[in-house]
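In order, the protein sequences belong to chains A and B.
Per my numbering, the very first residue in the first sequence carries number 1; after that it's consecutive.
Per my numbering, the very first residue in the second sequence carries number 143; after that it's consecutive.
Careful, some of the hints might be misleading.
Stated by the list, open to error - Restricting the straight-line Cα-Cα distance to at most 20 Å, the calculated cross-link-like pairs of lysine to aspartate or glutamate (DMTMM-like) are:
#  : chain 1 : residue 1 : chain 2 : residue 2
1  : B       : 187       : A       : 131
2  : B       : 163       : A       : 109
3  : A       : 25        : B       : 148
4  : A       : 68        : B       : 170
5  : B       : 187       : B       : 256
6  : A       : 68        : B       : 246
7  : A       : 89        : A       : 48
8  : A       : 68        : B       : 200
9  : B       : 163       : A       : 40
10 : A       : 59        : B       : 148
11 : A       : 89        : B       : 191
12 : A       : 98        : A       : 135
13 : B       : 255       : B       : 200
14 : A       : 98        : A       : 119
15 : B       : 187       : A       : 119
16 : A       : 98        : A       : 55
17 : A       : 25        : A       : 55
18 : A       : 89        : A       : 13
19 : B       : 264       : B       : 230
20 : B       : 187       : A       : 122
21 : B       : 259       : B       : 230
22 : A       : 137       : B       : 191
23 : A       : 59        : A       : 40
24 : B       : 187       : A       : 40
25 : B       : 187       : A       : 135
26 : A       : 98        : B       : 200
27 : B       : 163       : B       : 246
28 : B       : 259       : B       : 148
29 : B       : 259       : B       : 246
30 : A       : 68        : B       : 256
Because the hints were derived from the structure by calculation, they are not lab data.
Spelled out, the chains give:
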Amino acid sequence: MSLQPDGKSTVWEWDGFSPVGDVPKLMRLRQSCIMQHFIDTGNHAKIDEAFWVPDVTMKPAVIFRGLKRYGQSQAYCYAGIPSGDFARKHGRDLDFPKSQTFLVFLTPDFEVTKWRPCEMGERNGFPVDFETRFEVKLWPQD
Amino acid sequence: MAAGLEDFGNFLNNLNVGEFKSEPYYEENTDALLVYLRDCHSSSKRLNDKLTLFLSIEDGTLVGVEVKGITRILELNRAFGVSVIDHDIRLGVFLAFALVEETDDSEISSELKDTLKELGQKRVPISVFPQAV
């Protein structure tokens with residue numbers, strides 16, 4: 001595993017949107033996990049997508065808990081259309097695909113595990129079939 | 143000490159990333175095996191609770207797969223003596239387990255099915271899975 005750019009494996013932390021209450025949730029992404037795999041395997045598309053992770057975890061359209069499979073009942077999924085603000089702030093103008101939303105998966109203690117675009121359903125920013133694929137819609141509560 | 147978002151953005155911008163190569167990755171927290179075949183933007187299509195396909199945003203062709211519930215598949219694999227060849231397991235074993243669950247066949251084109259079958263020949267080193275080593 002080649003760690004870049006300084007030879008260290010970094011952990012990035014930021015204040016994300018909390019599914020309950022007004023206090024932000026501390027979120028975390030470890031370089032040594034899937035990020036390093038994308039670097040090692042030259043997956044530029046997935047690395048570009050990582051620019052959307054902060055946007056969606058700080059301003060999601062919807063938050064789910066429970067992925068409806070063994071061991072994943074406490075995992076979170078944040079979904080939403082990325083504003084692109086984080087990328088632009090860093091000099092990148094990335095087009096988010098039309099009719100898609102962006103999913104960010106997190107552990108029960110809010111560590112990012114993976115991210116991906118997904119077809120959007122009828123509701124803005126909500127993934128298609130969200131009613132059947134997640135256990136609980138935590139936020140918004142409507 | 144952890145770095146912040148400013149560092150994250152700078153990190154992404156300053157990466158020196160090489161040529162794409164397709165290698166399997168086991169994501170331990172979510173117990174999932176991910177395999178990307180190409181470096182291009184994709185959208186995820188969840189076929190069932192075991193299998194998600196990554197399809198090209200441009201033309202809908204297969205970019206990668208995610209098989210979930212790997213620990214259970216490995217347990218069954220071991221218990222029933224499904225083949226391990228030279229410390230590798232064919233990806234097709236995982237795909238077959240994942241497709242046992244009923245899926246709407248109309249959601250997968252015949253071209254996509256053929257690509258999945260070809261992908262099934264790909265070998266996944268057993269060392270990818272910490273629980274199997």
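Evaluation of the provided hints:
no., hint, in the structure
1, 187/B with 131/A, "15 Å, holds"
2, 163/B with 109/A, "32 Å, violated"
3, 25/A with 148/B, "18 Å, holds"
4, 68/A with 170/B, "17 Å, holds"
5, 187/B with 256/B, "17 Å, holds"
6, 68/A with 246/B, "18 Å, holds"
7, 89/A with 48/A, "14 Å, holds"
8, 68/A with 200/B, "30 Å, violated"
9, 163/B with 40/A, "8 Å, holds"
10, 59/A with 148/B, "17 Å, holds"
11, 89/A with 191/B, "37 Å, violated"
12, 98/A with 135/A, "27 Å, violated"
13, 255/B with 200/B, "19 Å, holds"
14, 98/A with 119/A, "9 Å, holds"
15, 187/B with 119/A, "7 Å, holds"
16, 98/A with 55/A, "17 Å, holds"
17, 25/A with 55/A, "14 Å, holds"
18, 89/A with 13/A, "17 Å, holds"
19, 264/B with 230/B, "9 Å, holds"
20, 187/B with 122/A, "16 Å, holds"
21, 259/B with 230/B, "17 Å, holds"
22, 137/A with 191/B, "17 Å, holds"
23, 59/A with 40/A, "30 Å, violated"
24, 187/B with 40/A, "25 Å, violated"
25, 187/B with 135/A, "18 Å, holds"
26, 98/A with 200/B, "11 Å, holds"
27, 163/B with 246/B, "31 Å, violated"
28, 259/B with 148/B, "43 Å, violated"
29, 259/B with 246/B, "17 Å, holds"
30, 68/A with 256/B, "29 Å, violated"
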